[in-house]
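Participant: What follows is each chain in one-letter form.
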Amino acid sequence: MSAIATAPAHDHHDDHGHHHKETFITKYIFSQDHKMIAKQYLITGLIMGVIGIAMSILFRIQLAWPEQSFWVFEALLGDRWAPDGVMSPSIYLALVTIHGTIMVFFVLTAGLSGTFSNLLIPLQIGARDMASGFLNMVSYWLFFLSSVIMLASLFVESGPAMAGWTIYPPLSALPEAISGSGTGMTLWLVSMAIFIASSLLGSLNYIVTVINLRTEGMSMTRLPLTIWAFFVTAIIGVVSFPVLLSAALLLIMDRSFGTSFFLSDIFIKGEVLSHQGGSPVLFEHLFWFLGHPEVYIVLLPALGITSEIIATNSRKPIFGYRAMVASILAIAFLSTIVWGHHMFISGMNPFLGSVFTFTTLLIAIPSAVKAFNYITTLWKGNLQMNPGMLFSIGLVSTFITGGLTGIILGDSTLDINVHDTYFVVAHFHLVMGISALYGLFAGVYHWFPKMFGRMMNKNLGYIHFWVTAVGAYGVFFPMHFIGIAGLPRRYYTNTNFPYFDDYADVNVIITVAAIITALIQLVFLYNFFGSIFFGKKAVQNPWKSNTLEWTTPVEHVHGNWPGKIPSVYRWPYDYSKTGEDGEYVIKGQDFVTQTTPLQEGEEELNH
Amino acid sequence: MTVFLVIIVLALLAVTGWQISKIFQLSKRPDADTSQVANDKDNHLHGILMLAFVIFLYVITVYCFWEYGRFYLPEAASEHGGEYDTLMFISIGLIMFVQIITQGLLHYFAYKYKGKKTQKALFYADNDKLEFIWTIIPVITLAGLIIYGLFTWSDIMNVNEDEDPMVIELYAYQFDWRARYSGEDNTLGKANVRFIEGVNQLGVDESDSYGKDDKIVTELHLPVGQPVLFKFRSQDVLHSAYFPFFRAQMNVVPGMITQFGFTPTITTEEMRESEYMVDKVKSVNEERNEKNEELRAQGEPTLDSYEFDYFLLCNKICGQAHYNMQMKIIVESEEDFNAWLEEQPTFGSTMEESSENVDRPEDTAGVGTPENMEGNDDAEGENDTENSSQEVDAVAVVE
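Residue numbers (my numbering), protein chains in the order written: chain A, 763 to 1369; chain B, 19 to 417.
These are computed hints drawn from the structure, not numbers from a lab. Quantities reported herein were computed from a predicted structural model and do not represent experimental measurements. Among the hints, erroneous ones may be present.
[Stated by the list, open to error] Beta-carbon label-pair distances, calculated as ranges:
#	chain 1	residue 1	chain 2	residue 2	range
1	A	Ala816	B	Pro319	31 to 39 Å
2	A	Asp1267	B	Glu325	19 to 27 Å
3	B	Ala29	A	Leu1281	15 to 23 Å
4	B	Val24	A	Asp841	14 to 22 Å
From the three backbone atoms N, C-alpha and C, an ideal C-beta is built for every residue, glycine too.
In isolation and in its complexed conformation, chain A is listed as follows (with noise of 0.2 Å):
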């Protein structure tokens, strides 16, 4: 694999043009080159994502008109699931519980960090491709394999997985407290192992390659925040997914070997089970310690991505770097030990809640400290209004204002009343929801180009955003007020409770919403697949980026660089820096690549 090799700068023989001819499929299946394998995730997990939002578009037309019988279910569903065009009780929680799963994982794990960070390491450190291309289309195929399997368990006869994305025991344990605990649930099991399988080659791989492969002058301290968000993702993720694995293991002995991990004394279906002393708590740490950190390994990358794209379209350094690095850092550190605010109420003991609301509301320090430094970057910039750009403002308020309710969520008190209802709901969509969904959107935009050679249509990027921007906060904005009165989540309908008769009104604006909202990605698709295919030819860095991938020809060429890797002489962020005399480093440009060597005169920043 000379292919791979580390080549510093002086290293002058190139023996990058005589690879073997490729065919089809090593070009495009089973191709281990990272800028396809980037390509395949992203197309892979935008199918996920449009499958996940359908689905959250079905229950909410259930929840806006419950019982209501619907052409659109009956179509879907089926008779099994929806007789006469009415959604049945069980089929609503499977729907929530696969929602839940494909987007949490498929698409804004998958499909963000897998996307961009295949993408975007090796050419942003200067590497020709990532250090084991072979373990790298390993980890894709393995993520395409899960996804097949999980959309398998949505055709099982019984149904799918429908404990709720957490799968809980004994509930996701035993098929006889709800149908979709057969089959369906062992499909989703089976589905997430090779998930997390190949989210650790991923992850290794992408550790490695940041560890190993930087180009010569690319320190530590000169990596894009998208490097830095990258690699701190997975770092955790190498930490925290072996633990939902063993988990997953854990109840699959349950389930189907008669072991008692998780269950105790239960009596169902008139007779009591065998099992006994396991706890059903236990799970609940072993998945939420997982289940936290992933909050940030969806987040993270796409802080990253804004990180970048603010800096570049602000046409100004990003405020803080060495802060915002800090701050990565310290989110990656708490995050793994913040899990016990899920289960305040779980009947651990009082005083592990106390522990945990601490060490919760210390996250918000950090996550204070990058928004803060995101808002500085604008002021006094020169934005440029770029799609990708306007996502990532958008990011940064949907952030601020789920972040915020985070504080209320966190504190174990306040947690007691609104634990999961709606405003959990809320807190949790625009957070890690939008948020990462913004990123995931923002990078299309800005990388599109390095991807495809082309420029996607602006004008629909910016319907796409305005319309997605009121939309989501038309969604989620209410739903904080519906979940503070008390409306339980996960329930089919609220019919039940006449007290709950007034906030009916208001989940018909959020289903309404929801709809134009999930529309109006059929632009972005639209332009997505369009622009491959027809979008105007890409130049070389359109967007005037310091960065090391847009030294990289328009057309890919395997190793990336056709000549000798370049080397880096600066941080990525000198945007319109000028010198002494008032004037810009390179006369005329208001930025300068890092592969540039410091002009006459000119003094490296300590940043």
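Given the structure of chain A, go ahead and fit chain B onto it with the hints provided.
Facilitator: Just chain B now, kept in the frame of chain A:
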């Protein structure tokens, strides 16, 4: 066939859209900017839209607080609830303050510094003092909140045993609740699902003398002003006992006993008469009446008029009828409560009666049998056959 037509129509629409976009492209002047990179015009437009967006945010915030703010639960009906609400309002006030300022700054800067060809951005990479300020401010504010929260938390969670709270077991199963009062000894008899048999639906240990005076009921009555300690037990899967009006919640976990204590302070009657609840019930009933007119027109059964009652609901996904797992709670004066409790049969008497009169199923019906409830097909089947054979016996006796 319709599907086929729909597909054709969609395909034609797509072709139309594609052709129209082609026409637009062709009709563009050759010198038009086609780079797909934002130009000054775009920057200007979207800068203004950013400002419009933050105004939109403020408007929906005000609208939601104005219109939906009244949804916030009524005055807490428990002793600790007041403290809870105070902490909640302080937190909401604080986060709304931060929200309005930061969103304002973010979008205002986006508007103010929208790009122009002639504009030069300020190279401003670092300022330790600023960063220190906005690290230390959250630290101090959060420290305050954490400390306040923790004191309240330990107040709520550490049950004061000196007050001698009344112990009540809440028993959850798919998809209903039972309450077991601990009787005069204020001690619950031991119980385990393995003891479930016949009328002993909660699996109380018959050999434990503490259990003899326990009383099992389907409706939760609480005396006002008296501390209550709930012990939660589940028969099958995780449930969560959520008492929104009392600002109380605790998961119900199979295999372990969890607990939560509070003191109810407002009786059902008082709550019904409160201004909040009178308005609320009125608005709910108005909506129900509207719906009833529709239902009547369709010839379907109408909804009952609503009267407020406290309720307990399940707040942890527990199966397909999770959305309707509720229990009525009645808070009443001590005398009313005692009179009501007096009428309830003790566990000991129920067991005795059932062993004496094996062939009189009516007696056991009062206790309420989990197996007879929905979603428990097997058990239901068994009970049905049992009942019918018992009916045959009864008929024979009459003859």
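Participant: Now tell me, hint by hint, if it's right for this structure.
Facilitator: Okay, the hints, checked on the actual structure:
no. : hint                             : verdict
1   : Ala816/A / Pro319/B: 31 to 39 Å  : holds (34 Å)
2   : Asp1267/A / Glu325/B: 19 to 27 Å : holds (22 Å)
3   : Ala29/B / Leu1281/A: 15 to 23 Å  : holds (18 Å)
4   : Val24/B / Asp841/A: 14 to 22 Å   : holds (20 Å)
The structure shown violates none of the earlier numbered hints.
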